[in-house]
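Engineer: Below, each chain spelled out in residue letters.
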Amino acid sequence: MNASAPLAIEATGLRKTFGSTRAVDGVDLAVPNGAVYGVLGPNGAGKTTTIKMLATLLVPDGGSARVLGHDVVTEADAVRGLVSLTGQLASVDEDLTGRENLIMMARLLGYARRPAKERADELLDAFGIADAGGRQVKHYSGGMRRRLDIAASIVVTPRLMFLDEPTTGLDPRSRNQVWEIIRALIGEGTTVLLCTQYLDEADQLADRIAVIDHGRVIAEGTPSQLKASVGQGALHVRLLDPEQRPAAELVLSRTLDALVHLESDPAALSVAAADAERASEAVAALFEEGIEVGNFSLGQPTLDEVFLALTGQPAPTEEVAA
Amino acid sequence: MSAAAPRIEAEPKLEQSVHAALVSCERPPRPSALANSLTFGWRGMLKIKHVPEQLLDVTVTPVLFLLMFTYLFGGAVAGSTDEYLQFILPGVLVQSVLFTAVYSGVALNTDITKGVVDRFRSLPTWRPSPLVGAVVGDSARYLIAATIVTALGFIMGFEAGGGAGGVLVAVAVVVAFTFGLSWVFTTVGLIMRSPTAVLNTGFMLLFPLVFLSNIFVEPSTLPGWLESFVDVNPISHLVTAVRGLMDGSVGAGDVPLVLGEAAVLTAVFAPLTVRLYRRAG
Chain A
2 MNASAPLAIE
12 ATGLRKTFGS
22 TRAVDGVDLA
32 VPNGAVYGVL
42 GPNGAGKTTT
52 IKMLATLLVP
62 DGGSARVLGH
72 DVVTEADAVR
82 GLVSLTGQLA
92 SVDEDLTGRE
102 NLIMMARLLG
112 YARRPAKERA
122 DELLDAFGIA
132 DAGGRQVKHY
142 SGGMRRRLDI
152 AASIVVTPRL
162 MFLDEPTTGL
172 DPRSRNQVWE
182 IIRALIGEGT
192 TVLLCTQYLD
202 EADQLADRIA
212 VIDHGRVIAE
222 GTPSQLKASV
232 GQGALHVRLL
242 DPEQRPAAEL
252 VLSRTLDALV
262 HLESDPAALS
272 VAAADAERAS
282 EAVAALFEEG
292 IEVGNFSLGQ
302 PTLDEVFLAL
312 TGQPAPTEEV
322 AA
Chain B
87 MSAAAPRIEA
97 EPKLEQSVHA
107 ALVSCERPPR
117 PSALANSLTF
127 GWRGMLKIKH
137 VPEQLLDVTV
147 TPVLFLLMFT
157 YLFGGAVAGS
167 TDEYLQFILP
177 GVLVQSVLFT
187 AVYSGVALNT
197 DITKGVVDRF
207 RSLPTWRPSP
217 LVGAVVGDSA
227 RYLIAATIVT
237 ALGFIMGFEA
247 GGGAGGVLVA
257 VAVVVAFTFG
267 LSWVFTTVGL
277 IMRSPTAVLN
287 TGFMLLFPLV
297 FLSNIFVEPS
307 TLPGWLESFV
317 DVNPISHLVT
327 AVRGLMDGSV
337 GAGDVPLVLG
347 EAAVLTAVFA
357 PLTVRLYRRA
367 G
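Line by line, the protein sequences are chains A and B.
With my numbering, letter number 237 in the first sequence gets 238, and the count goes up by one each step, no holes.
With my numbering, letter number 216 in the second sequence gets 302, and the count goes up by one each step, no holes.
To be clear, the hints were calculated from the coordinates, so they are not data collected in a lab.
List time: in silico DSS-like cross-link candidates among lysine-lysine, alpha-carbon distance up to 25 Å:
#1 A/Lys139 <-> A/Lys118
#2 A/Lys118 <-> B/Lys135
#3 A/Lys139 <-> B/Lys200
#4 B/Lys99 <-> A/Lys118
#5 A/Lys139 <-> B/Lys135
#6 B/Lys200 <-> B/Lys135
With beta-carbon atoms standing in for the labels, derived distance ranges:
#7 B/Leu345 <-> A/Thr13: 48 to 54 Å
#8 B/Pro138 <-> A/Asp29: 48 to 54 Å
#9 A/Leu90 <-> B/Val137: 16 to 22 Å
#10 A/Thr223 <-> B/Val137: 45 to 51 Å
#11 B/Leu362 <-> A/Leu90: 15 to 21 Å
#12 B/Ala119 <-> A/Val60: 19 to 25 Å
#13 A/Gly135 <-> B/Ala106: 19 to 25 Å
#14 B/Pro342 <-> A/Gly135: 44 to 50 Å
#15 B/Ala119 <-> A/Arg217: 35 to 41 Å
#16 B/Ala121 <-> A/Thr169: 30 to 36 Å
#17 B/Arg365 <-> A/Leu90: 15 to 21 Å
#18 B/Val137 <-> A/Val74: 34 to 40 Å
Using N, Cα and C, we set each Cβ at its ideal position, and we do this for glycine too.
Can you build the whole structure from these sequences, using the hints too?
Structural biologist: Next comes the structure, spelled out in structure tokens:
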């Protein structure tokens, strides 16, 4: 790939308003070529609207964007020839079989009849859904449907791929499979713009992350920079006996020297922990005091914690996706 | 959530096989607008194959109508059931195909609500091709509905004075007019919020036009104000032309009038559909 090429995505001041809602309110993005760029934010933050503008599905109300050197408004057709989009809804035809969906995509992209069928079979094989190729997509599991969806996006290898919440609603095994597929794409030099509401997903895959909220980028950096701004995460403890929670709270706040958060579960509590060593000391202290611990875990900071750290407000969860 | 998401090490195959599939492909030249449209037409055919129920909806009703009207009202309306069959068959043919057209709008709306349209619109294809392809593919559905009704008519004893040629031209005229009308329903399909709303609106638009036409009764038996509406109703013009073609008495201006109306519908609603489609989603 061409290292000196311009940025894969260069957006300045992108805006989009629906009625009185400012879905995207001045988004700037600079996405380098050949990387995975994470766009992290809660539902309704403006991720999908941003992607739709960059993929030429929506015309921005303000600002401008160039994708692989082409303006998304005046050179929309050139952009479409270089990118592919895997939307939030698995955008495959449910009435058709998986194989028919892929043949259709191949034909639309210019494959002749026979090569289109060969390409479809090749992709079904590669994505591990060859056995289900002849079944209607409406009978697929969520993971299979998502794999087919991504397969449909790479019938010809795009220079830039938009992935909008590719693992939302998937079980852990399917999620891992999607992650493997994304890693394969990166290996081939495709730039990936990954929208997600899961911090660990962005952490696993992305080279850089933009955190977006209320239609604006509120933080940008590498995953480690971002996490450093949040702290190391929290120790979660669940007791066998809820009666012992006040005692446990005292022990934890003493050993970790931090404010203990009482969870809505009457036997659970959590506390910020700087590192694993101090967290394990705190757990040991609980046992020494005769407090029976059912289980404990040291969690990564959650998206909620990122938002808390960045905005001082918890992530809004009830807003409708824009 | 635990500290690190589990990696399933037993399946390294996916990453490699996907990688191989990426490497092995090369971008073919861009297809023409016609080729794109035909691909979408093919998609329409596949939908008929996989979801034959949608055909059932629109064929069972006209079949019931044909049987019920002929045998129940035929004697009262036209003196004998045989005579009424001669009158009503072309009308029911028109009715059944017109109602099929509502499903063009329903299918388009379904594509939007399911997100399929987003994918199509992100492709480097001729933008209206999904619409053109769908409408062309729907013509196949119109033909199937027309065939069922016509075949049932012949079984019941319909006699085509215009011969086989007349019947075929009549079906072609119905399909041509419905092609024009289907753009109205694709427009509705882009305005409404759900497929069910499209279906209801489509039927609500169509019902008065179908019943206040010359499909079931001679307009001369109607009160004057109603007769004058029936006379300007394009569906009446279509039925008159189809009736004439089937019994061999078609007037010189009947078919051109219908085709002209189809052209006007297309000229107004096809661009409107394309405009709305560009902004959909």
